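Number of protein chains: 2
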Amino acid sequence: MSELQTPYYLIDKARLRGNMEKVARLRERSGAKALLALKCFATWSVFDFMRDFMDGTTSSSLFELRLGHEEFGKETHAYSVAWADHEIDEAVGYADKIIFNSLGQLDRFGDRAKGITTGLRLNPRFSTSGFDLADPARPFSRLGEWDTARLEAAMGRISGVMIHYNCENGDFELFDHQLARIETEFGDILHKLDWVSLGGGIHFTGEGYPLDRLADRLAAFSRKFGVQVYLEPGEASITESTTLEVSVLDLINNGKDVAIVDSSIEAHMLDLLIYRETAKLPQHGEHEYQIAGKTCLAGDIFGDARFAQPLKIGDRISIADAAGYTMVKKNWFNGVAMPAIAIREEDGSIRSVRSFGYDDYKGSLS
Amino acid sequence: MSELQTPYYLIDKARLRGNMEKVARLRERSGAKALLALKCFATWSVFDFMRDFMDGTTSSSLFELRLGHEEFGKETHAYSVAWADHEIDEAVGYADKIIFNSLGQLDRFGDRAKGITTGLRLNPRFSTSGFDLADPARPFSRLGEWDTARLEAAMGRISGVMIHYNCENGDFELFDHQLARIETEFGDILHKLDWVSLGGGIHFTGEGYPLDRLADRLAAFSRKFGVQVYLEPGEASITESTTLEVSVLDLINNGKDVAIVDSSIEAHMLDLLIYRETAKLPQHGEHEYQIAGKTCLAGDIFGDARFAQPLKIGDRISIADAAGYTMVKKNWFNGVAMPAIAIREEDGSIRSVRSFGYDDYKGSLS
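The listed protein sequences correspond, in order, to chains A and B. Under full-length UniProt numbering, think of the first position of the first sequence as 1, with each following residue one higher. Under full-length UniProt numbering, think of the first position of the second sequence as 1, with each following residue one higher.
Just to be clear, a hint being listed does not mean it is correct.
Derived CB-CB ranges, DEER-like [unchecked claim]:
(1) Ala320/A <-> Pro210/B: 44 to 54 Å
(2) Gly363/A <-> Glu3/B: 30 to 40 Å
(3) Ala153/B <-> Pro282/A: 46 to 56 Å
(4) Glu288/A <-> Gly363/B: 35 to 45 Å
Calculated lysine to aspartate or glutamate pairs in the EDC-like style (CA-CA distance at most 20 Å, straight line) [what the hints assert, rightly or not]:
(5) Lys312/A <-> Asp135/B
(6) Lys362/A <-> Asp135/B
(7) Lys362/B <-> Glu90/A
(8) Lys256/A <-> Glu87/B
(9) Lys13/B <-> Asp48/A
(10) Lys22/A <-> Asp321/A
(11) Lys362/B <-> Asp147/A
(12) Lys256/B <-> Asp147/A
(13) Lys312/A <-> Asp359/B
According to the in silico footprint, chain A covers these stretches of chain B (three or more CB under 8 Å from chain A) [claimed, not checked]:
(14) 50–62
(15) 180–193
(16) 210–217
These aren't lab readings, by the way, just hints derived from the structure by calculation. None of the values given here were measured: they were computed from a predicted structure. Note that beta-carbon positions come from the ideal geometry of N, C-alpha and C, so glycine has one too.
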């Protein structure tokens with residue numbers, strides 16, 4: 001078998017289908033619409049496949065918006081923490097809905113968005129994030145409006161709100177509880193709206209998640225306020241669908257067995273570094289190794305792994321769950337060869353859809 | 001005046017010259033050679049300018065090596081934490097010297113590097129790094145060999161070593177003290193060598209650094225062991241030479257005045273996020289703002305700044321010291337428009353040497 005040269009991200013369509021079928025079931029039972037959050041995953045070669053299961057895309061910038069409009073189609077939501085003057089007309093041209101982050105942005109650009117549905121980001125001042133860094137409800141958060149007077153000032157100009165406050169939340173009870181808080185604290189406003197996006201971060205495609213209870217809860221919310229509900233699954237759409245395939249380049253022991261592989265957390269799985277987390281690595285067998293990247297960064301470490309046999313140079317290792325927030329922020333740190341992007345079709349065949357070479361590296365600079 | 005559209009990195013050649021002249025003085029007085037560390041800065045449009053002041057480049061991967069060879073020229077050092085089988089012959093073709101990270105890599109590839117000078121990375125087991133993440137001497141470090149028996153096993157096959165153990169070290173006394181430790185602990189080995197690279201991380205271009213004392217110390221080290229000394233300045237070469245130019249997109253107050261700009265620490269100045277540091281921002285005036293990026297990340301915050309006048313939307317802000325470890329690891333997080341790269345010539349004129357658009361974003365994926 002001729003194998004692709006590592007490193008490469010490998011998107012497994014059969015695994016992706018598993019998530020997509022859960023998304024489709026949730027939509028059908030709840031009446032909610034599901035938009036892919038491109039900030040998490042924007043590998044457009046699989047949009048043809050995902051399109052049948054989802055309602056469209058949502059975005060966090062002009063480029064994501066345009067990609068969603070051109071390559072995914074269907075319903076396209078435009079959100080950005082802040083639009084620039086030179087972006088707004090183009091953005092409105094691609095979008096079905098535009099969601100402003102602040103009353104100031106609505107004041108500034110509302111007129112130029114007259115042709116499309118307009119919304120505002122509502123910050124409920126609580127979230128499920130365990131990381132201050134990623135917590136949209138942190139003190140002085142710039143993400144959305146929470147002051148009732150300011151929200152009221154937008155009424156008449158908006159028909160909906162986006163509320164993003166979940167982060168990898170796999171706890172339905174917590175979701176239920178926090179949604180009840182939103183109903184209580186912002187009910188007066190919600191009653192005046194046509195649609196409410198509850199954002200992303202609900203881990204409803206995870207093993208054992210009570211999908212039908214979530215669906216029924218969303219349907220009840222929708223009925224109570226007479227609103228179309230949207231969800232913006234990013235990680236939930238693609239979780240566990242993709243691996244990062246790497247090869248062992250060197251084996252050393254400086255007090256511990258370390259396998260150096262042809263990749264890097266900083267360059268290829270950046271969130272492991274930012275959030276000081278470890279990768280999902282093989283854990284079966286008695287031979288233990290620390291799996292490390294090949295950059296100059298001392299802490300370029302994927303984590304500890306176990307194998308049935310001792311590793312040899314050239315052995316391949318699959319790093320699991322490598323779709324979300326990886327390809328969208330890969331970079332050329334240390335000039336490390338950038339992983340190709342490959343797709344495993346449902347018949348088992350693998351095709352590379354993008355590879356990167358020296359010219360891409362050189363062209364990233366000038 | 002027609003200004004470039006923000007965001008853009010602006011490399012100021014007059015400021016760069018200040019650093020380069022210090023590098024040249026150090027070389028002249030000490031006899032040490034200075035190689036630009038491409039992992040820190042690889043914007044090759046200014047290599048023509050830097051070439052007159054430096055001896056060449058060093059690298060941390062095949063792509064950096066090739067870039068140094070093709071665009072900088074002069075002496076080219078090849079280092080990588082681990083070379084792959086399919087890289088080694090090409091690497092040897094570009095390099096004057098190849099420095100292996102481990103005895104295992106020397107064993108594996110030494111024969112294929114026969115035509116060029118060969119070295120090994122020596123890890124002295126101490127460093128000046130204040131961050132465990134970036135500390136090459138951390139426990140179980142995979143960066144270099146420290147065991148005397150293993151170093152001895154390489155003798156006869158190598159003519160030099162690379163010792164990288166400084167990190168933004170602006171303290172000459174500490175440098176002097178640690179070099180003395182190296183002389184004591186590894187003197188027997190150093191006497192057998194022709195060259196020693198002391199790596200990068202010495203902040204000798206900083207304001208007030210005792211450059212001549214450093215030069216004399218390096219010259220004494222060189223005489224004592226009869227070795228050619230190399231330095232690999234990255235940050236020291238380009239420090240304070242470059243700004244990131246951004247514009248204010250929105251002004252909000254959720255308990256604090258916040259200016260949202262058309263950039264992002266995660267996408268454009270990643271080390272601020274990784275090391276939880278703040279950017280160098282204007283600090284004069286009575287009007288204080290938090291300067292925040294435009295991504296979805298709650299912690300996308302450059303830091304606090306002060307201005308003489310209240311900020312207005314459209315105002316431009318210069319973020320200082322934006323050359324090192326920025327352009328080499330910028331990425332498409334959130335699809336935020338990527339900063340162009342521009343150069344301010346010594347006559348004051350500014351020219352853009354690279355800009356990035358939607359097609360670059362789309363082509364970063366597939």
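Hint check results:
| no. | hint | in the structure |
| --- | --- | --- |
| 1 | Ala320/A <-> Pro210/B: 44 to 54 Å | holds (52 Å) |
| 2 | Gly363/A <-> Glu3/B: 30 to 40 Å | violated (25 Å) |
| 3 | Ala153/B <-> Pro282/A: 46 to 56 Å | violated (32 Å) |
| 4 | Glu288/A <-> Gly363/B: 35 to 45 Å | holds (40 Å) |
| 5 | Lys312/A <-> Asp135/B | violated (27 Å) |
| 6 | Lys362/A <-> Asp135/B | violated (28 Å) |
| 7 | Lys362/B <-> Glu90/A | holds (17 Å) |
| 8 | Lys256/A <-> Glu87/B | violated (27 Å) |
| 9 | Lys13/B <-> Asp48/A | violated (48 Å) |
| 10 | Lys22/A <-> Asp321/A | holds (18 Å) |
| 11 | Lys362/B <-> Asp147/A | violated (37 Å) |
| 12 | Lys256/B <-> Asp147/A | holds (14 Å) |
| 13 | Lys312/A <-> Asp359/B | violated (40 Å) |
| 14 | 50–62 | holds (count 4) |
| 15 | 180–193 | violated (count 0) |
| 16 | 210–217 | violated (count 0) |
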